[in-house]
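Required output: the full structure, derived from the provided sequences and hints.
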Amino acid sequence: GDSVTQMEGPVTLSEEAFLTINCTYTATGYPSLFWYVQYPGEGLQLLLKATKADDKGSNKGFEATYRKETTSFHLEKGSVQVSDSAVYFCALRRGTQGGSEKLVFGKGTKLTVNP
Amino acid sequence: DTAVSQTPKYLVTQMGNDKSIKCEQNLGHDTMYWYKQDSKKFLKIMFSYNNKELIINETVPNRFSPKSPDKAHLNLHINSLELGDSAVYFCASSPSGRGKGTEQYFGPGTRLTVT
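Read top to bottom, the protein sequences are chains A and B.
1 is the number of the first residue of the first sequence in the numbering used here; add one for each residue after it.
1001 is the number of the first residue of the second sequence in the numbering used here; add one for each residue after it.
Honestly, the hints are just simulated from the structure, not real lab data.
Just so you know, these numbers come straight off a predicted model, no measurement behind them.
Hints may be right or wrong, so weigh each one.
[What the hints assert, rightly or not] With a cut-off of at most 20 Å between alpha-carbon atoms, the simulated EDC-like pairs for lysine to aspartate or glutamate come out as follows:
no.: 1; chain 1: B; residue 1: 1041; chain 2: A; residue 2: 8
no.: 2; chain 1: B; residue 1: 1036; chain 2: A; residue 2: 2
no.: 3; chain 1: A; residue 1: 60; chain 2: A; residue 2: 42
no.: 4; chain 1: B; residue 1: 1041; chain 2: A; residue 2: 2
no.: 5; chain 1: A; residue 1: 107; chain 2: B; residue 2: 1038
no.: 6; chain 1: B; residue 1: 1009; chain 2: B; residue 2: 1103
[As the list claims (entries may be wrong)] One side of the interface only, derived from the structure: several residues of chain A facing chain B at Cβ under 8 Å:
no.: 7; residue: 11
no.: 8; residue: 102
no.: 9; residue: 103
Glycine residues also receive a C-beta, built at the ideal position from the N, C-alpha and C atoms.
Structure follows, in structure tokens:
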């Protein structure tokens, strides 16, 4: 079945450090890939997405490139801020018939950024 | 202007009780979902409804019964609550028929604690 594997957390960085959170996936066909972020006490928000190979998703300084050859979608940010402290989830979604397509999530990576 | 709302936000109850969690979306979407997030932050789909029709049922115990009175609502009823049901439950919605890259919008979550 489909699965998503994320690097184990937690990750602790100092402000302005470079961030990479690794994500690899297993899926049949050509899924779409997503990064969701969950701030403390809140629900999930879409951070960025990519729907086909070599697409780059970007938002709020975060970037991730859909690499089909390595089945990866690593999240990067050049300079993190304290406000980026959250749990980050990598997810995939396959197109299915019926109009309802579930998200398959990785286990989440908790990021803490210290001033 | 909450897009996806859930009630209650917190629910503390005893084993064996029956409880319901309500979800409403005002986005005009026709697909809604329930996800469960366990104590380790792992997120897993439970159910999905499209136009009030059950589309996904991911081997969830039949003590859990979703009900969709209309496209804007998807409620979750849980019978005979067990300690292992303690988790955060997230409702989500998305428009259907727009492909696998369509974003899902999440509610703020309901933290269920069974004692």
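Evaluated hints:
For the suggested pair residue 1041 of chain B and residue 8 of chain A, the alpha carbons sit about 12 Å apart, so the restraint of at most 20 Å is met. For a cut-off of 20 Å, the pair hint linking residue 1036 of chain B to residue 2 of chain A stands: about 18 Å separates their Cα positions. With a CA separation close to 18 Å, the supplied pair residue 60 of chain A and residue 42 of chain A stays within the 20 Å bound. Distance check on the hinted pair: residue 1041 of chain B and residue 2 of chain A sit about 19 Å apart at the alpha-carbon level, within 20 Å; holds.
As the CA atoms of residue 107 of chain A and residue 1038 of chain B are separated by approximately 10 Å, the hinted pair is consistent with the 20 Å bound. Taken as a hint, the residue 1009 of chain B and residue 1103 of chain B pair is broken in the structure, with Cα atoms around 23 Å apart against an allowance of 20 Å. Because the closest C-beta pair between residue 11 of chain A and chain B is about 14 Å apart, greater than 8 Å, the hint is violated. Checking residue 102 of chain A against chain B: minimum C-beta separation of about 4 Å stays under 8 Å; hint holds.
Taking 8 Å as the C-beta cut-off, the interface hint given for residue 103 of chain A holds, the closest approach to chain B being about 6 Å.
Of the numbered hints given earlier, the model fails hints 6, 7; all others are met.
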